[in-house]
Structures are given as structure tokens and as C-alpha cells.
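So you can see what is in the structure, the chains are spelled out below.
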Amino acid sequence: MNNRELALLALEAEAKQKPEEKIIAGELVMTYKEAIEKIKEGNKLAIKLVLNPLMQSLKSKAFRAKVIQTLGLERS
Amino acid sequence: MAEYIVIRPRFDETTEISHAFCNCMLDHLCMKSKSFLDLSQDDAVKTKVEETLKQNPSAKVIFFDHGNTEALIGNDKEPVIDKQNVQLLAHREYIITLACEWGADGGVEAWRQGCLAVLCYVNVVSFTTDALTQFEKAFTAGFFLREQNLDWKDILAEIKDLMATLANELAGEGKFMASACMAYDKDILRIYNGETPSPACPFRALAVKLLGRLGWKIPSPSQALHWLKKP
Chain A
0 MNNRELALLA LEAEAKQKPE EKIIAGELVM TYKEAIEKIK EGNKLAIKLV LNPLMQSLKS
60 KAFRAKVIQT LGLERS
Chain B
0 MAEYIVIRPR FDETTEISHA FCNCMLDHLC MKSKSFLDLS QDDAVKTKVE ETLKQNPSAK
60 VIFFDHGNTE ALIGNDKEPV IDKQNVQLLA HREYIITLAC EWGADGGVEA WRQGCLAVLC
120 YVNVVSFTTD ALTQFEKAFT AGFFLREQNL DWKDILAEIK DLMATLANEL AGEGKFMASA
180 CMAYDKDILR IYNGETPSPA CPFRALAVKL LGRLGWKIPS PSQALHWLKK P
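In order, the protein sequence lines correspond to chains A and B.
So for the first sequence, numbering that gives the first Met the number 0 puts the first residue at 0; every next one is plus one.
So for the second sequence, numbering that gives the first Met the number 0 puts the first residue at 0; every next one is plus one.
Be aware that a few hints might be false.
Stated by the list, open to error - Once the Cα atoms are required to be at most 25 Å apart in a straight line, the calculated DMTMM-like pairs of lysine to aspartate or glutamate come out as:
id, chain 1, residue 1, chain 2, residue 2
1, B, Lys33, B, Glu146
2, A, Lys43, B, Glu146
3, A, Lys15, A, Glu36
4, A, Lys15, B, Glu146
5, B, Lys136, A, Glu26
6, B, Lys31, B, Glu168
7, A, Lys15, B, Glu172
8, A, Lys60, B, Glu146
9, A, Lys60, A, Glu40
10, A, Lys47, B, Asp104
Derived by calculation from the structure, the hints in this document are not laboratory data.
This structure is a prediction, so every number in the text was calculated from the model and none was measured.
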């Protein structure tokens with residue numbers, strides 16, 4: 000699974016857990032669900048400010064492992 | 000004369016939160032009986048800010064929140080500090096701001112004009128509402144560390160360590176987006192004084208390489224044009 004797919008799954012999991020919480024990036028304010036929709040629509044700002052930082056963090060092995068563990072994606 | 004000027008517009012969802020981020024700093028100033036002026040909401044506009052800065056030429060400045068590469072934005076969504084009045088920050092001990100992108104250009108200009116330290120961000124600052132306590136701690140850390148008389152180089156290192164720790168803790172709690180925002184904010188944080196700005200312009204980079212900080216004194220083409228246009 001590549002980092003983009005994993006980032007979107009992580010966002011989807013957070014969107015389900017906390018539908019009221021928001022991501023704020025400058026003047027861009029959106030719920031996790033709205034962020035996912037914008038990313039999937041190809042909104043450049045959402046990709047730059049939400050998806051890219053998450054993908055950057057996923058380059059860390061520890062962070063990636065924690066995401067995979069939390070999402071229950073470890074290979075048995 | 001006030002020792003501190005806190006400028007904090009509140010006109011949208013983001014500034015609603017950043018306005019509240021300032022409360023812990025104001026509580027500290029009250030507790031320590033330090034004199035400050037709180038330019039909140041309608042007072043956070045250019046005329047009022049300019050007047051207050053002129054009347055308090057040595058006050059430290061805190062500005063939360065919106066900005067862009069050239070300006071800090073007031074309650075009327077218009078610039079309160081831009082290239083026309085940035086010299087009002089000269090010779091102050093610091094300006095601390097959470098404003099997006101201002102560190103890329105406006106913050107550099109404040110430092111060039113003689114503001115002794117500029118704590119700023121060179122890109123869009125992001126945070127999440129599920130970790131406001133952690134973000135408040137990170138965004139106000141510069142103020143509290145300076146209150147302990149640490150030097151700016153150490154403050155920069157301490158804040159970056161704090162943000163890295165908070166990012167790890169947030170990831171451990173399963174707050175992955177909050178963790179990513181914290182890590183990203185850590186990377187875009189600058190303190191001009193603790194470090195020298197990196198010039199984007201290749202000519203400026205050469206001048207800084209040859210002349211050190213003096214290289215920043217050479218006017219940019221836009222400044223030169225601005226001066227030429229002055230009546």
C-alpha cells in the first residue's frame with residue numbers, strides 16, 4: 000500500500016471517530032470528511048495542506064507502523 | 000509605556016481559536032504584573048496598531064493570527080503591518096506571530112529593518128481542533144521560553160524539540176493528522192536572530208555569502224522601485 004492510500008485510510012478512520020473535529024490550515028477550515036472529499040476531487044490546496052503533510056509523516060517508519068497498527072492492517 | 004502589545008483579531012473560525020490561544024500569555028503577563036496592551040478584535044486594525052506601536056516604541060509584539068507573505072492581517076481583513084509600516088517593528092526585542100507565510104518575506108523585512116528577533120512561519124500554519132491544547136502549547140512556547148531569558152538560538156531548538164515530542168505523542172494517541180500538522184509546523188517555524196534567513200533570490204544569496212548579514216542591507220529591486228516612486 001502506498002503512502003497516499005494509507006494517508007486517505009488514516010483520514011477516513013479519523014473522520015469516522017470524530018465527525019465534528021476540524022482541520023484548520025490558514026483560512027481553510029474543514030472537517031476530516033470534507034478534507035477527504037476535497038482531496039479526492041483534486042483540490043490542490045487540500046492536497047498541499049492536508050494530504051502532503053500526512054504523506055510526509057508516513058515516510059517515518061515509526062509513524063507508518065503506528066498507522067498500520069491502528070488501522071489493523073498488519074499482515075498476520 | 001507598555002512592555003508588550005498583543006494584537007489578536009477575531010473575525011472567523013480560525014481567529015476565534017487563535018484569539019483564545021493568546022489567553023495563556025495574557026494570564027502570565029497579568030500574573031507577573033507586566034504592563035501590556037491587548038489590541039483585540041475591533042482594536043486590531045491598522046490605524047490603532049500604528050498609533051499603539053508609535054506610542055510604545057520598545058514594546059514586544061505578539062500577533063495572532065492571519066497573514067500572508069507580505070502582511071499581517073487585522074480584524075477588518077486589511078493589513079495591519081505591511082512593507083509600508085514594517086519599520087515600526089525596528090529595535091523591538093521581538094515580534095512573535097502565528098501568521099501564515101509572513102516569515103517568507105514580511106518577517107525577513109522586519110528583521111532587516113532592525114527588529115531584534117522575529118518568530119514566524121514561512122508557509123501556511125495548520126492545526127486540528129482535536130489537539131488544541133497541544134497546539135496552544137507549541138504556538139506559545141516561544142513567548143514562555145523568552146520569559147525565562149533563554150537566547151533565541153536555544154528557544155528555536157527547544158520549540159522544535161517540543162513540537163517533535165508533541166507530534167510523537169499525538170501519533171501515539173492515534174491523532175495522525177494532528178501529528179502531521181505539528182511536524183509540518185515545526186519544519187516551517189523560523190526565528191530570525193536564532194538563524195539568518197535563507198535568501199530566495201540568487202543575487203541576495205551571493206551578497207549574503209560574500210558580506211554576511213550586511214548582504215541583507217542591499218535594497219531589493221522592489222524596494223529600490225518603491226523609493227524611486229516616493230514623491
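Okay, the hints, checked on the actual structure:
1. B:Lys33 - B:Glu146: holds (11 Å)
2. A:Lys43 - B:Glu146: At roughly 40 Å apart (the allowed maximum being 25 Å), B:Glu146 and A:Lys43 break the hint.
3. A:Lys15 - A:Glu36: holds (14 Å)
4. A:Lys15 - B:Glu146: violated (41 Å)
5. B:Lys136 - A:Glu26: Given pair B:Lys136, A:Glu26 holds - Cα atoms ~21 Å apart, limit 25 Å.
6. B:Lys31 - B:Glu168: Violated: B:Lys31 and B:Glu168 sit about 31 Å apart, past 25 Å.
7. A:Lys15 - B:Glu172: Answer holds: A:Lys15 to B:Glu172 is near 16 Å, not above 25 Å.
8. A:Lys60 - B:Glu146: Violated, at roughly 37 Å.
9. A:Lys60 - A:Glu40: violated (29 Å)
10. A:Lys47 - B:Asp104: holds (20 Å)
The structure is inconsistent with the numbered hints 2, 4, 6, 8, 9, although it conforms to all the rest.
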